[in-house]
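Position chains B, C and D with the ligands relative to chain A; hints supplied.
Take a look at the letters that make up each chain.
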Amino acid sequence: MTTTLTAPTPRVRLARFRDLTLVPVILILLVVGAFLDPIFLSVGNLTNVLQQQASISLLVLAEALILIAGKFDLSLESTVGMAPAIAVMLVIPASAGGFGLGLPGPLVIPLCLLIGAAIGVFNGFLIIKFQLSAFIVTLAMLIIVHGLQLGPTEGKTLFELPDSILYLGSAIWLGLPAAIWIAAVLFAAGIVGLGYFRLGRSLYAIGGNADAARAAGIRVDRVLWGVFILGGTLAALAGVLETGRLGAIGSNQGVGWIFMVFAAAVIGGVSMDGGKGTILGALTGVLVIGLVQNILTLKGVSGFWQPVVYGCIILIALIISRIAGGKAQD
Amino acid sequence: MTTTLTAPTPRVRLARFRDLTLVPVILILLVVGAFLDPIFLSVGNLTNVLQQQASISLLVLAEALILIAGKFDLSLESTVGMAPAIAVMLVIPASAGGFGLGLPGPLVIPLCLLIGAAIGVFNGFLIIKFQLSAFIVTLAMLIIVHGLQLGPTEGKTLFELPDSILYLGSAIWLGLPAAIWIAAVLFAAGIVGLGYFRLGRSLYAIGGNADAARAAGIRVDRVLWGVFILGGTLAALAGVLETGRLGAIGSNQGVGWIFMVFAAAVIGGVSMDGGKGTILGALTGVLVIGLVQNILTLKGVSGFWQPVVYGCIILIALIISRIAGGKAQD
Amino acid sequence: GSGGQTEAGGGGGKVGIDHPRADSDFWNSYIKYVPQMAGELKVDLMPATNSQNDVTKLVNNVQALTGQGAKAIVMAPQDTGAIATTLQTLANKKIPVVTVDTRPDKGQVYMVVRADNRAYGTKACEFLGEKLGGKGKVVQLMGSLSSINGRDRAEAFRECMKTKFPGITVFEEPTEWEGSKAASMLQTRLEQNPDIKGIYMHAGGVHLAPTLQVLKQKGLLVPPTDAKHVFVVSNDGIPQEFEAIRKGDIDATVSQPADLYAKYALFYAKAAIDGKTFKPGPTDHDSTIIQLPNGLEDQLPAPLVTKDNVDDKNLWGNQVK
Amino acid sequence: MKNHVEARNVVKRFGPTTALNGAGIAIAEGETHALVGRNGAGKSTLVSILTGLQRPDEGEVLFSGEAAPALADRDAWRQRVACVYQKSTIIPALTVAENLFLNRQTTGGMISWRTLRAKARELLATYEVEVDAEALAGDLNVEQRQLVEIARALSFGARFIILDEPTARLDGPAIERLFTRMRALREQGVTMMYISHHLDEVYEICQSVTVFRDARHVMTRPVAELPHDELVSAMTGEATAAYEARTRAAANGAVVLSAERLSLAGRFQAVDLAVRSGEVVGLAGSGSSGKVGLAETLVGLRKPDSGSVTVNGTQVRPGDVTAALGAGLGFVPEDRHREGFVPLLSVGENGTLPIARKLGRYGVISPARRRNKALQLIEDLDIKTEGPDQPVGDLSGGNAQKVVFARALVDDPAALVVINPTAGVDVKAKQALLGAVEDAVERGAGAVLVSDELDDLRICDRVLVMFHGRVVKDVPRGWTDHELVAVMEGIEE
Ligand SMILES: Nc1ncnc2c1ncn2[C@@H]1O[C@H](COP(=O)(O)OP(=O)(O)OP(=O)(O)O)[C@@H](O)[C@H]1O
Ligand SMILES: Nc1ncnc2c1ncn2[C@@H]1O[C@H](COP(=O)(O)OP(=O)(O)OP(=O)(O)O)[C@@H](O)[C@H]1O
Ligand SMILES: [Mg+2]
Ligand SMILES: [Mg+2]
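Protein chains in written order, with my numbering: chain A, 1 to 330; chain B, 1 to 330; chain C, 1 to 321; chain D, 1 to 493.
Isolated chain A, as found in the complex (with noise of 0.2 angstroms):
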């Protein structure tokens, strides 16, 4: 008996666009954007927008990590403040704010990814070894992390910062930021990794059902162990990065990031029970996002209606990421 392969091109031909539902969006976007500030289309404007998105782009690729393989995680936001504050503390000397420990300058950075990734392996102990709710230890952590940097630091910004951490965040290579090809190389490296290497797939399938995936020889536990620890490593990443674009670091850096994670990553078609949604469809949110925020501020529009305007265009960019990709979300 033969097989019914039923016109398989037109499929993956759909599949492939699932990913990109977010095109038209953007696209609109960029039309109406163009109709109304002609600076909009401006490859100043545009590397603008680049900028001001790498660092909360690199919060949704680890939250993209963390939901594909069917997890939560909150605290990322508060990482972004903490890890770079306390490494920065850690090298700077008692008078300028820090410990006084007197740690070398140029371990800062390293520092900073190691804090990330420390948080990443204590959310990881808690979820995965104890088995508490995901979302309610990230909820316990972001409070806990925030209150991690407030405290030595007393609230206070930190002006005086070690070259190395600022270097990142405002160096231009080859014309354009650091951040913008930072973010893209580990994007890039994000879509490859998760639609071409066992890994990558292997959140699909810890995401997808956890049970079978184990049955199908997938250690769980230590997948998701490596993706806590490496959305912790990511979050510090955007932490140095913001840390360079600002200059200091201030007691609010990160603060309120992650419901627009969630926002750029749920519309960019990520699902938020697991085991669905791509890094590209991700990255498509993130784009949204930053476009509509750089119209809002291009036009002006009142700081008290801003917000109603762009959950209607979060609202609208969701309807039609429903609508073109077909299905229920969930």
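Note that these hints are calculated values from the structure, not bench results. Please note that a few of the clues may not be correct.
[Said to hold, decoys possible] With beta-carbon atoms standing in for the labels, derived distance ranges:
no., chain 1, residue 1, chain 2, residue 2, range
1, C, E155, A, A34, 30 to 38 angstroms
2, A, A34, D, D139, 34 to 42 angstroms
3, D, K303, B, I323, 42 to 50 angstroms
4, D, M110, A, I28, 30 to 38 angstroms
5, C, N314, B, L103, 54 to 62 angstroms
6, B, S95, C, V320, 51 to 59 angstroms
7, D, E58, B, Q131, 46 to 54 angstroms
8, B, L103, C, E130, 43 to 51 angstroms
[What the hints assert, rightly or not] No more than 27 angstroms apart at the CA atoms, straight line, and that leaves these computed lysine-lysine pairs for BS3-like:
no., chain 1, residue 1, chain 2, residue 2
9, C, K32, B, K299
10, B, K299, C, K42
11, B, K156, C, K162
12, B, K156, A, K299
13, D, K358, D, K373
14, C, K216, A, K299
Built from N, CA and C at the ideal position, the CB exists for glycine as well.
Positioned in the frame of chain A, the structure of chains B, C and D with the ligands alone reads:
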């Protein structure tokens, strides 16, 4: 052959206890609090704790219902400020910051509840009819609803309020604040309704397996819609109580509550995956959070470190409820 | 008034104090001054509570403080409307209240200790207006519009520009006190209008570094003598702003007196317990007491700091560390 | 012959339940060994222990005489054993191709999707599975999913394969293809453990059989020298006769369930149907004949494109389950995991969901009445459970199916629609379930029974055979297997 009814009673008992895993935590907090400050166990202080938690507890009640039915609502926190603010503006004269429609003052509470219900209707429409992701719809609505308060009020606090909206949040009935009575009655109704009523039980069926619930003849969409409307109404009522307690409606009323609401519900045993948890459990979650806040305030823990202590206590409560509950959380 | 009652000995006049937030440089300086000033003024201070910018917490904290026996309360309600009921309750209990930084709209207060936030906006506007010669474009990086101080600064700046310098275009950016938003919005605005010549930031603590970073990236961080210079006026008066003024990166800041806030808050709280009363009119510390419908307000001086007076030892920003 | 796999004195407890109580099994090299027992006897639990998914509380597992690898060493387990689990291990959001090669998409380096797809198509073709390798596994029906799982397990090249009720969801030809495959593997020396409630299958392809009863091992015997009766009584612990379909007077009661010109694009066209009170109507057909789609439309799970359904004299709104149930319908859905039960809710609640309104006044549910009703259901259908308060998710597969059945019968339905009702239930339970259908019919109900199992269809007064979405023949009682299959395959006219 007869069925192997191996000791059914212990299981029943265990299931009952599972709602009460936080009771030991509450007892510990009471003992610790009494030890730390003699004021703590005074009737006045405990009444304060209850009064302070009354309005947020209504949000927890609403969120617990929605979570048990397998959905999600973040927008509740914005309704707490927006519903009373708009209702008041419909009633008060333009000179006091209103729309100047001159509607009669006693209408303000019905209007407020109606606005809350309308937000629920809209959420339900997008989530149930349009099948959009509940998380992102209500995230966008969180932003939009708050914007709908900021826009008309231009961020200003409303403090010339009709007496009727102030009454419930500030009255004393039989020696206790009316807000406590209201919350108590609603929680009792929730406990009975979800435990012993067909409609209440159907929330568990829907949250546990919506397809099976539909196949068993439950009108899933209708019930879900009702839950969203009830949630919005309860949030509006929480706004009324809060308004009465504070005597004015600030532009930030309710902002930031939703995290605490989720924390209370989840440490109280309500699952983020739907179909699990009880209203009684959620109530114990509210009490834990209220007692912790009260103790931290009484001890005057430094504002910088307060979040750390707070987060750690949430984690500990979570671990205790995990150990006592015996099952992995999700 | 009945001025000279006996100075309270050890008779128990505990002062309860609630701090509004712990995440801004200005308030942190204030928080640091409090115990120091309490020592100097011999105030019996209870452990401070912190309401983390949340009026609900403030109400709870005040309840706890009075429960623990506070005889006077110092607070800084960031949401001035929602505190009305609490003030009423305290008035019923005959507990005097001193509010710092903000003026409650309703409810009895013993004294409001604040500088005039509208004056900040006006001073910044006048400085920028003169520097720009009455024409050109300026950006206003606004704080949160739901905070009264943010609104007062924004409105005063806007009105002053409209009336005194109609030739100047003002762009308003709602940054919500967030450095990240400030940087993005300023960057976008400068892209759109490269000829912007002035910036007023509502909070040096959060806006200073991002603004400088954006200006640097655009190559606009040049001395005032350079034609490309963008005039920047900040607000708060933290040491880093003074540093930036000395370097010529920014041109001025309005020094919001954190030390005087702490000092006079406690001063009036103690005076209230001691039963002293005050009348409108000038005071002995370069300020004026004015009558409000619901109490009195001591309007402390908030000097504009420029290169000329940046090294003044009396500025609180020069006293920290 | 030496033992390829051996489990000794295994004890496994789940809370108060003891799933295995000192049970064991020994499977000789190269044989196909059946494991049978009633629902809840502990078969699947043994499977999870033999595949290293769960740690036994006591006892040991040996492969070729050596101790089993550590639980964490999944690769070592996978080299020793491949398995088709009773619970689906398909990942719905991934394609069929990826499901087939889960965690072995590549041996190293990047995945070539083109190669993977080609390999998947080849594999599917080898096993004659008619699904598109690029389809999302979630879009497949239960049967197709099961075929994918089987193809995956067989394709590992493992020397030991466990099949836990692989045929519960398959129709005749698919089962035949599976057996052909298994015979070929056996010739290559592969050892297999086969679990099924179809004892004739055991006789067809197994050499020895082990029987579990009440969590214990009761016997192991070569199949050839074991009479059918003895096997059944070993399983049930008592002498049990084969089920005899009851005879009924020709139905001449009122029509309780009817369909007129019912069509659903791609599934079935212009179907007319009338079921009378007191008769059982079978719906048969080969794969993709549309019988399940028709049954699901009758109960309102699907909305027809045209046509109408009448239940007990009321024309119900198309696609409205609640209305159909309200009019007096009871049904058992095809996929119990999807539409059958709410895993977290108790046996009692699941069983009484459709009659909640009858358990108390003013919307109240009386727990005592629910409990009594549930105890009665447990008794009637012989459900093996700790009691009415046990969550259905914790029951064994067959017992969960009985709960779903209980739900269908709880309201004394006037019309009953059951789809593959005996999937995964043991011999004794099957009799109970078929008996329950006949009881309901004797009480005056009319029933539609959709099944791939000819044995089930014997209780039918007539069998409607579907072919390519149309009812092609109405076969009265008294058919032989051969006749019916011929009609189903469209060979005979
Ligand atoms: N995860 C679990 N939690 C609690 N009880 C369980 C669990 N898994 C199995 N059981 C119980 O263990 C017993 C054995 O179940 P098992 O699934 O092994 O039966 P089975 O022989 O495979 O039955 P079936 O033929 O119905 O599939 C049953 O009583 C079942 O309720
Ligand atoms: N969810 C679905 N979506 C789309 N097509 C489906 C779906 N389920 C089944 N089909 C297809 O519809 C046709 C009829 O299916 P139906 O299940 O009604 O037939 P069936 O006789 O039960 O077949 P089988 O015995 O193979 O299950 C088949 O081609 C089947 O593959
Ligand atoms: Mg089984
Ligand atoms: Mg079928």
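Results for each hint:
Checked against the given bound of 30 to 38 angstroms, the beta carbons of E155 of chain C and A34 of chain A, roughly 34 angstroms apart, stay inside it. Checked against the hint of 34 to 42 angstroms, the pair A34 of chain A and D139 of chain D passes, with Cβ atoms roughly 40 angstroms apart. At roughly 48 angstroms, the beta-carbon separation of K303 of chain D and I323 of chain B lies within the given 42 to 50 angstroms, and the hint holds. Range check, M110 of chain D to I28 of chain A: Cβ separation about 35 angstroms, and the 30 to 38 angstroms hint holds.
Between N314 of chain C and L103 of chain B the beta carbon distance is about 55 angstroms. The supplied range of 54 to 62 angstroms therefore holds. Roughly 45 angstroms separates the CB atoms of S95 of chain B and V320 of chain C, a value that falls outside the hinted 51 to 59 angstroms. Between E58 of chain D and Q131 of chain B, the C-beta spacing of about 49 angstroms keeps the proposed range 46 to 54 angstroms intact. At roughly 49 angstroms, the beta-carbon separation of L103 of chain B and E130 of chain C lies within the given 43 to 51 angstroms, and the hint holds.
Between K32 of chain C and K299 of chain B the CA atoms are separated by roughly 19 angstroms; this keeps the pair inside 27 angstroms, and the hint holds. Distance check on the hinted pair: K299 of chain B and K42 of chain C sit about 22 angstroms apart at the alpha-carbon level, within 27 angstroms; holds. The suggested pairing of K156 of chain B with K162 of chain C holds, with an alpha-carbon distance near 22 angstroms, which does not exceed 27 angstroms. The hinted pair formed by K156 of chain B and K299 of chain A meets the criterion: a straight-line CA distance of about 24 angstroms does not exceed 27 angstroms.
At roughly 11 angstroms between alpha-carbon atoms, K358 of chain D and K373 of chain D fall within 27 angstroms of each other, so this suggested pair holds. Proximity of K216 of chain C to K299 of chain A is assessed by CA-CA distance (about 24 angstroms); at most 27 angstroms being required, the pair is judged to hold.
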